[in-house]
Amino acid sequence: MRLELNNICQRYGEEDLFVIDQLQLISTDAVHLHGPNGVGKSTLMKIMAGLQKPTSGEVRRMPMAGENMRRQAVIYLHQNTYLFDTDVRSNVEYGLRMRREKNTKKVDKALAWAGLGHLEYRQAHLLSGGERQRLALARALVLDPALVLLDEPTSNLDIGSVARIEEMLQDLHRRGTGILLACHQDNALTKLCNQHWLLAAGKLTVQA
Amino acid sequence: MNDLWTTFSTAIAQLLSGDPELWGIVGVSFSVSASALLIALLPALSAGFTLAYFRFPGRWVAISLLNSLLAVPTVVVGLVLYMLLSRAGPLGDLNLLFTRPAMIIGQILLCFPLLVAMSLSAFQAADHRVLETAKTLGASPLQAFVTLLFEVRFALLAAVVTAFGRIIAEVGSAMMVGGNILHHTRNITTAIALETGKGEFVQGVALGIVLLVMALILNVSLGWMQSHSRVLRHGT
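Line by line, the protein sequences are chains A and B.
Counting from 1, position 203 in the first sequence corresponds to residue 203 in the numbering used here; the numbering is continuous, with no gaps.
Counting from 1, position 205 in the second sequence corresponds to residue 1205 in the numbering used here; the numbering is continuous, with no gaps.
If a hint is listed, it holds; no wrong ones were tucked in.
Label pairs and their computed distance ranges (CB to CB):
{"#": "1", "chain 1": "B", "residue 1": "1061", "chain 2": "A", "residue 2": "58", "range": "30 to 40 Å"}
{"#": "2", "chain 1": "A", "residue 1": "11", "chain 2": "B", "residue 2": "1054", "range": "19 to 29 Å"}
{"#": "3", "chain 1": "B", "residue 1": "1056", "chain 2": "A", "residue 2": "112", "range": "42 to 52 Å"}
{"#": "4", "chain 1": "A", "residue 1": "99", "chain 2": "B", "residue 2": "1079", "range": "48 to 58 Å"}
{"#": "5", "chain 1": "A", "residue 1": "196", "chain 2": "B", "residue 2": "1056", "range": "34 to 44 Å"}
Simulated from the structure, these hints should not be mistaken for lab results.
None of these values were measured; they are calculated from a predicted model.
Beta carbons: idealized from backbone N, C-alpha and C, even for Gly.
So here's chain B without its partners, still in its complex pose (with noise of 0.2 Å):
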């Protein structure tokens, strides 16, 4: 009990002290995160508004294999992009095995088909009458699909939220075709599964605990805005 309580506590003093390593791994987990969700943002939205407005033949399999695809274990991903990236595969020439773009390209595949999936759900459960409103008030395509945007605007947050948390927490991925190399490519989840593995406890608890501050402050962010949402709509 004593150990654990040590370790805690010397994880929280790290952090708090402003430890360059440890902060530099956060900084890689942050940037390699959010450019894969900036990256896939708008490739996922306009594909989950396509499925949910447009009837062409294929959309029924489309929408089952992306449905799949979210079930896909990262460390799958990982095998797969090691494969195609790896020196003898068909992308070898390209050298970004154990380089971030590597990383971000398996995180885009990973949160891609969870994209597209929670916004054909938002775009889905919203009210025809919002596209057809737009336009008869002059809104072009190109207006209505942003006010769309702006009406399910909640829904996509949600989105967002979730995507973020699964790819900001993934190993497998990140491990097969980043390489943990250290101030390059090791991030939050490799550095404290090579930490562990070393029996080094703490600075994995201070990533750990960076992880579920983290989670925390997304999804308390999220349902304040989601309640204030309902207040706003209902007065209540």
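Okay, chain A solo, but in the shape it has when bound (with noise of 0.2 Å):
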């Protein structure tokens, strides 16, 4: 799937907080989002995400070539992720729910991808914050997202959660999925990223 974003404004107020006229993001593409705090990198993801409308411009969704036409999803995951007040289980099945689909084996392979397979019955409030992130993950997995745009999905998490978060986004990635990760440091995560998004001073510069 491609993403497109043309003559993107985005204000608060009488002030622009960035614009763009022209961005793609297509689902073989990993890209690295960064910039100073405050400048709209979360607020850019949730327009991308069909989250949040811009000021004005338009975000468009087109399909390529050969590609299946439900594989449309574009996940977009919170810094802090929110679970819902559910078991493990039921939060993978979110989605599925929400498309009246039932695909236990789908739900059984996401939780196993995520190691979460044996914490399936506990409440995802009770997880730690590496296994959140995981569990974040194995919900947007089960969709088949064209997709995913993480807002700092590191902060917080030790070397060892980081490592296996990034073992996660390659093996997304090897299955077709797009990612756009913000982050402010580089990391394990961002040398995934074959682009590198510099969001500053209300423009948004594409760097090699």
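Take the two lone chains, each set in its own frame, and fit them into one complex as the hints suggest.
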């Protein structure tokens, strides 16, 4: 899938937060989005995921040649991921339930992929920080998303958890999911990325 | 002291004997209040959600009005409804005065502001990421709303219990628009008022016990659900 942004302007009050003439993200990309605090990285990602409307401009989702038309999901993962007040398994099943799709095997595979199979009936609120991030990724994986947009996914995680998330993202990318990663610091995750976008002073610059 | 004990024990005996008149009165109370609550619930939750999540002109006026309505005495609601439904009133042709539907309307007017105000607080306190997470995982607006209801279910249950407690225990509106007609509109509170006026305390005490037991059951259930939720959340 190709996600296109055309003439996007986001304003807060009288000031432009950012203006982006043209931008595109495709499901083979792995992009590191960086920039100072408060420049609008999260807002941009929410606009791309369709969770927020820009002040002006348009966001278009276009299928690539030969791609499954149903594969249109663009999933945004919050910096502090929100888990529903149910058990781990129900959280993974959530997106499928919304599609009225029952696929136990898919859920089992996603749980195993995230290393959460033994915790499937544990209440999601009892998970550790690393487990929460893995659950958020498993919840995305079952939907076979075209793009996953991650907002500071490794903040407050230990080295071991970061390495685990890195492996999962690598695997997700290999499966054909595009990744946009907002991260302040360079780390193992940002090394996965083949593009770097800098959002600063209201402009987005694509870096080599 | 002996009189009090005799009255209390006779009231218990009357309850246990399954006295049809007494339990009929209890039935009227429960059917009227449950109907009012069921009718008011969905519109009230929708109104609470709208006030919590949408900004529109007059929103603060609506919230202030709502908070003012919380303090309106039940007898005033009864008076206004009586004037509307009486033969000379604008809704007199509907012939609703002294009927159960009139009592239900009165109780809807009483519980609606309470349900809106408490659901508004629940929605405002809800994590803003609930709707975003639901939407990003493919939920439609309606599915996202249902997810939000689930996430704040304990606060909403507290609203329902509080609203039910308010309307089943109110006497002013039920007396004025119900008319206290035996087997039709006589409910627990109007029966207690009538029996006490006649100096017949046994039935009043028996009905009072029903109200107290009901309040106890509702609040213990709610407390259990809330503490159970905390155990699930924190594991302690």
